[in-house]
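> Take a look at the letters that make up each chain.
6 protein chains.
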Amino acid sequence: MPKKVITFGEVMMRLSPPGYSKFSQATSFDLVYGGGEANVAISLAYLGMKAAHVTRFPDNALGKAATQFLRKHWLSSEHIIYGGNMIGKYFLEKGAVHRSSEVIYEREGSSFSLIEPSMIDWEVVLKDADWFHWTGITPAISDGAAMCCLEAIKTANRMGITVSGDINSRKNMWKYGKTMQEVMPKLVEHCDIVITSSRGIHEMFNIGQTGDKFRFMAKQLMETFPRIKKVVGKTRRSISASHQQIQGKMWNGTEYIKTETLNVTHVVDRVGTGDAYAAGLIYGLLHYGKDMQALNFATAACALKHTILGDVNIVSLDNVISLMKGDTSGAIRR
Amino acid sequence: MPKKVITFGEVMMRLSPPGYSKFSQATSFDLVYGGGEANVAISLAYLGMKAAHVTRFPDNALGKAATQFLRKHWLSSEHIIYGGNMIGKYFLEKGAVHRSSEVIYEREGSSFSLIEPSMIDWEVVLKDADWFHWTGITPAISDGAAMCCLEAIKTANRMGITVSGDINSRKNMWKYGKTMQEVMPKLVEHCDIVITSSRGIHEMFNIGQTGDKFRFMAKQLMETFPRIKKVVGKTRRSISASHQQIQGKMWNGTEYIKTETLNVTHVVDRVGTGDAYAAGLIYGLLHYGKDMQALNFATAACALKHTILGDVNIVSLDNVISLMKGDTSGAIRR
Amino acid sequence: MPKKVITFGEVMMRLSPPGYSKFSQATSFDLVYGGGEANVAISLAYLGMKAAHVTRFPDNALGKAATQFLRKHWLSSEHIIYGGNMIGKYFLEKGAVHRSSEVIYEREGSSFSLIEPSMIDWEVVLKDADWFHWTGITPAISDGAAMCCLEAIKTANRMGITVSGDINSRKNMWKYGKTMQEVMPKLVEHCDIVITSSRGIHEMFNIGQTGDKFRFMAKQLMETFPRIKKVVGKTRRSISASHQQIQGKMWNGTEYIKTETLNVTHVVDRVGTGDAYAAGLIYGLLHYGKDMQALNFATAACALKHTILGDVNIVSLDNVISLMKGDTSGAIRR
Amino acid sequence: MPKKVITFGEVMMRLSPPGYSKFSQATSFDLVYGGGEANVAISLAYLGMKAAHVTRFPDNALGKAATQFLRKHWLSSEHIIYGGNMIGKYFLEKGAVHRSSEVIYEREGSSFSLIEPSMIDWEVVLKDADWFHWTGITPAISDGAAMCCLEAIKTANRMGITVSGDINSRKNMWKYGKTMQEVMPKLVEHCDIVITSSRGIHEMFNIGQTGDKFRFMAKQLMETFPRIKKVVGKTRRSISASHQQIQGKMWNGTEYIKTETLNVTHVVDRVGTGDAYAAGLIYGLLHYGKDMQALNFATAACALKHTILGDVNIVSLDNVISLMKGDTSGAIRR
Amino acid sequence: MPKKVITFGEVMMRLSPPGYSKFSQATSFDLVYGGGEANVAISLAYLGMKAAHVTRFPDNALGKAATQFLRKHWLSSEHIIYGGNMIGKYFLEKGAVHRSSEVIYEREGSSFSLIEPSMIDWEVVLKDADWFHWTGITPAISDGAAMCCLEAIKTANRMGITVSGDINSRKNMWKYGKTMQEVMPKLVEHCDIVITSSRGIHEMFNIGQTGDKFRFMAKQLMETFPRIKKVVGKTRRSISASHQQIQGKMWNGTEYIKTETLNVTHVVDRVGTGDAYAAGLIYGLLHYGKDMQALNFATAACALKHTILGDVNIVSLDNVISLMKGDTSGAIRR
Amino acid sequence: MPKKVITFGEVMMRLSPPGYSKFSQATSFDLVYGGGEANVAISLAYLGMKAAHVTRFPDNALGKAATQFLRKHWLSSEHIIYGGNMIGKYFLEKGAVHRSSEVIYEREGSSFSLIEPSMIDWEVVLKDADWFHWTGITPAISDGAAMCCLEAIKTANRMGITVSGDINSRKNMWKYGKTMQEVMPKLVEHCDIVITSSRGIHEMFNIGQTGDKFRFMAKQLMETFPRIKKVVGKTRRSISASHQQIQGKMWNGTEYIKTETLNVTHVVDRVGTGDAYAAGLIYGLLHYGKDMQALNFATAACALKHTILGDVNIVSLDNVISLMKGDTSGAIRR
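Chains as they are written, first to last, in numbering that gives the first Met the number 0: chain A, 0 to 333; chain B, 0 to 333; chain C, 0 to 333; chain D, 0 to 333; chain E, 0 to 333; chain F, 0 to 333.
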């Protein structure tokens, strides 16, 4: 019987010029949908888990189409709510080599940003769930989103459901009047698993100093929030937009572990690789006895996502296991 | 020496599923730009006039790309201003036969809607211009847009520049606190040429009754606003989404004239046909001695736009003249 | 609370050259999925009903992708089973005017054709269902498929679920050793609603003669199979591949009713229009008090399908109701 | 044993904006190849005859690709010669309804236009051939092309091979110093079958007057050139670019015959329909006992070509026969 | 006078999602055709040889389109036969970096698999040929295919035509009741040139042991089958799906030779690279005096194929010679 | 106030098969426009300068479309003249790894090649300009083009406008009767900045010997033509078509400077990278105090162009500065 995960957050329409075209060259946009938390849910669904994503879309043909995207990628859509007038959007221009990808967000006033605490019945949503996952993007969007997220986390705690948070967000996202320093501790204190970085820990919780090592920061974080069982990070070396290196790392309260570095030499789509990592971690922790295995699984999932178009990691379990076991050859399967 | 026209209004990004796909089938959107007033300017530029459009875009790569679209289609971009965060958008699903096209707007909070009166120096913009054109969409967007439009019209009056207004807008567009009955008279009283419908005249100025004939309504409108020299309308018969019939009509203060009906049997893109009509009218009035010729030119331009993809009528002068003279054969030109 | 329908039958991969290209011109194929019964289920899901389709796909990435197509179009995929090696296929070359569309089937040996009676637990599948629908294609595919279909129908009878059958199939489909005259009566005798034609009734049940009127044949059919409450047909006049006329007709045991003829002047995709008709009929009978309304609804749904790419009728309830009420204008909705 | 036809003439690269886009909207061109005589050869190959086309291409990758296009469409490429630097081209913008298609030629200095009399060994080429076909385009291109064409015609006469000429060309094509009045009689006098129009006969041979009936002109033409056995024409009524009507006509020395009018209500591609007619005529004369049948076949082939993208008529023999027999329904073939 | 090669084997329709899309993302498939032996023939045709491929297709529009693909790529289609109902197919999802390409075959029951010994008149087919090439795929497909292949090989022997076999096939392909150990020796004993691997030699002929060196195995193979003059192999190092390294190797009865390793750093399409190698070898042996040159030519051809979309190596002779001579720069040619 | 540059030269229609397709695989061509000098102007416009390009196009829809391309990319089109019948063209097949890109030119007889000295009023064109740039392609095209170019250069000298020339051209371009040795000195003697190579200097001016160092050659060139202030070159190492390395170098009369080598590991489009370098140099010299900075800027611009589709470098100033400062990571910008 597969385990079930619930995720919560905004899903945006992603519009990107085809291939390596720049915005000024586009006469069409490729259309997919994505959002940190839904990306995690879809990854897990492809790996064989049951997954439902909770979000809010406008009650029009665009909100329906976004829902259909989630359904197609194996999510349950039964807890999606509808209202407001605009679906959040981001425009992505894909970079190459020394040329950066450019992202333009349009999520202000979106249906999701106008969500309010009472709108989701979390007890119903979380029934039968084994895991709840959120990210630091959600509380940055609006007070309503932050409050909803807190409701969900607390309900999960109450129902004995594991909670993971991929807690980083960009400082310049926080525009609704509250700061991340104010909001994040209230959410993080109820988490079991946290994904973050040294810089994130420092910025959000005023722990340590810029430049401190991850191992040290993670330990401090766990002391501050004793519910946390594992603090997980990732070292990304960006040789260029087309060549990335990935290494997983974790402090589990007892030991500090790191994976081998995976060398992604021909990036197809860099977006959503962090979410693939989070999903890999959740899957790994649920299905492998050892943290090292879970971390290897997460790193392999993350590396594979770099070869998939769109935000969501739709590789199969086989692919991840094979890479996790060290087969980097990419040999044809017939 | 070609005549010069200035237009003012929002330009939206238009996103549409390819061909006859519905929103739920789209994996890409075709991308063009359009807006009633810019559509008029571009039509006139293709007919050989000089044309500049005034609008406001976000100061990012999307605002630049929109500007580049206008430049490509022969407009001067020198009076465009930049600011705000979002380009207005509309999503268009093309219908066929009995299936309606569907349009979803997302223009709330757009860069243009946040325009304010002081932002454009109309004396500079209108220098050397022969004509200023606006539409009833602009005052419906925001108070700032309405005020800007009024500034432009009054400046044009002062500088002796002809002003035309295609004054209808949808009632449900007026969301910012003022009504069309309140705002429109102040704009229309300074116009020389007005394009509208019986229903529009009744709704905006409380003239006549539902069902009254255009000829009667137009006469009343000219009595109410004595600056107006011609009131122009159009009868559209929608046999189906794929088959439209168009007839031009005008009350010029002396006589009521009507064109032959043009029969557009295979519609390619219905959007922007009203703007093509307005542009045809402006071109016709500036280049032909007789109102009947101007009206024939406008009707031919309108009919031809139904065969062009996108919002803007990019047919050449030859095409319009040939149809205006009665050649409906569409025979190949080599 | 929406009603729930269950459908059963093969879903094929449909491969077609883009636009009006012929097979010899194709360098790519557009890919959708379709099958008479799934088409009905999807239509009903878009109209607001709950719908699940039962079928069998190969247990590989192609079978999964087909499942994802059904999920995207709002079907429940929970009762789909997997096995065998090949998904059924058809290749469609779209015709125009006097040029016929060409269809090439490749369904011999497909996963569905190898289905066997014991494979589906119909009591589970039909739980909470209000309606079961099958077509004459299914019993023509293989003995296993016919047996499964019979199981389903009988279970539905037992559970008090209405059964409808769109019973025609092409004679040359029956290749597995049994004839339609042998098999069909056993299935039809358990049906409540039958969709067929004069020719179908004559060929399958040896009733009447070639050329007999539908009204007469339908009456005889109901006398032969007393469970049947309504016999429904459709007159299609094919002016050309691009222009079709549709009229619904029904014998309901008491009166013979016919709709107005709808005139589809610019066909986008003719495939699946019969399934849209069947779906419209089911929806109409469940939601309208009068047979005439149900038949009008069905005919409107059928006409609208001609404007939709792909096998499945994804128009909204609004569209159908509007056309059913006589609005043939296809005017833009904003 | 299928009959064999040889054709001779320029094959151009055809570049057209996709769908109904105008030149100013194109960011890509669809690429096919075409030329009046090769179009005839390909039509005949699809109808089951053996066919080889003789032409000259540049000896580079573009000339090879053009050759490959002919090979793909069943022609023998063994008699194609290579030299010069440029493949002839035409740019086609497809019109709709009242908007004309626009064609821009770039064939000056093409490899074919530089062909010279000695370059083709016609005895080798025409070995085993049953028919030789040329058009009035070829002698208009250059003196060399005209001379080569004359060589071919005379060789065919000598070898007892039937010669047909579709002799019209546009007056403004003749730029190399000779006039059509000078050149055409020398070619036409050796022809067995001539396709032309009243206007063509008048312009080229100074027979009759503008406005004279085809029947009368044809008779005169046969008196002037006694080798001619049949003079064939076609009445095209261009309702619009999207709607054409076609009727075949022939004077065979004894009687004047005309076909029914075929009504092509949804044109897909109008180019090459005259060549489809010529091919249909050749096929018809070779395979049917009666001129009326041949003419019906030709008219059906012509009508069907209007539904095919590209210059060449790739419909099958079945399609043509079915329409020739009066089935205009375009019903799906499975 | 170019040499002539005959090849024999199945040609499949290849359907692949565009670019790096996975099956679950595809809304269209790119369409080409391929098969090991036809790939060799086409390579050789592009290099300047005469080439004909012998295969069997269904007698429908799909079989014709496949034939047209071969014709376009310069093959003679005169020996293709038609019958059966299905063209063999494979679905290809292209991998990248650590993500494997996935191939799904659907060739069971294909027209080719139902071929029978008497169907091809090999004496006619092989007339004037200089070389016959087959692969180990063909005898794995069906008994009929194996028998046909044996007929061809023996006829070639009788007619003094060189026979090469690229003899490996996947063990799991052999499903029709015979094993490769049973069938392959009968075919290989009549071959002059064999392409294989250590593993292949071990599996098929029970020579040596797993892990034995190629040089040793090749020598043994030649002792077992004394007709064989050269045994050729290839070392492929798969750094990742996007990065491959290739080295040619040969035992020619006297010496063991190896080429430099070519480093393909940006793979475009990996499929068919082995066939490109085989074709390069055939060309090399026919046109160069020394085995080392032939092997260098083969390795260069193989490396270049990795940069070509589709199964077939359509590079020109220039390209191969230039790389064979050591120019790896890929500098632009103008 | 931005500086203004004027450029002069042919702009060609560029037609290329999509992606990595070869000419023989193309069923469409991607369409952009390019030419060495216009490429420079567009680069500079994207970097924020004012720029106008002077050229000659045919007075038809294709000439207009080319003009619209330049307008879209921010150039002023006011000095373009129209005449002649053909737009120059080049066909580009993109290579990968060891497979070379192939370019086929068709510019003989183009509208630009028929330009004549009197056609441009250079005093008007160069009014308010700060810089004039030309390339060695222009004088190679025709005597008229060379004369026009000389007029422009001399006028610029007279008006005190800096003149730069990117002076290399391919020897085989010079077909109109004059040699580069005859023509180039007359143009180069009036230049302030020269971009060239050792080989170019040797071939054009008979300075030094093959293999002499750039530093030495540049010094000699400046002695020969004392107006020249800087001689600029570039070392390109072509690891493969997909991997290029770039290093800038300059002799400024005092010192010889070289940049770091930039390593472009995943080339998107190699065409126009030299023009991007020239544009970067012009921008750098105008905006930075030190030659080293200018050279770094030029090299960064050149490297970035390799990641942009089409001929023109449309990266923003930010991108170039960031790379110039050493950030090679290509990290996403949000």
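What the hints contain is simulated information worked out from the structure, not anything from laboratory work.
We put the beta carbon where it would ideally sit given N, CA and C, even for glycine.
One or more hints might be untrue.
Unchecked claim - For the chain D half of the interface with chain F, some residues (derived, Cβ under 8 Å), not all of them:
1) PHE22
2) SER23
3) THR26
4) SER27
5) ASP58
6) ALA64
7) MET85
8) VAL102
9) GLU107
As the list claims (entries may be wrong) - These stretches of chain A come out as covered by chain B in the derived footprint (C-beta under 8 Å, 3 or more residues):
10) 22 to 30
11) 83 to 91
12) 105 to 113
13) 202 to 208
> All hints, please: hold or fail.
Quick rundown of the hints versus the structure:
1. PHE22: Since the shortest Cβ distance to chain F is 4 Å, the answer is holds.
2. SER23: This interface hint holds because 5 Å falls under the 8 Å limit.
3. THR26: With Cβ-Cβ at 6 Å, under 8 Å, it holds.
4. SER27: holds (5 Å)
5. ASP58: Since the shortest Cβ distance to chain F is 11 Å, the answer is violated.
6. ALA64: Constraint on ALA64/D satisfied, holds at 5 Å.
7. MET85: Hint on MET85/D: holds, closest Cβ of chain F at ~5 Å, below 8 Å.
8. VAL102: Since the shortest Cβ distance to chain F is 10 Å, the answer is violated.
9. GLU107: holds (7 Å)
10. 22 to 30: Coverage by chain B holds here, the residue count being 8 at a Cβ distance below 8 Å.
11. 83 to 91: holds (count 3)
12. 105 to 113: Per the Cβ count (3), the hint holds.
13. 202 to 208: violated (count 0)
Hint check: violations occur at hints 5, 8 and 13; the rest are consistent with the structure.
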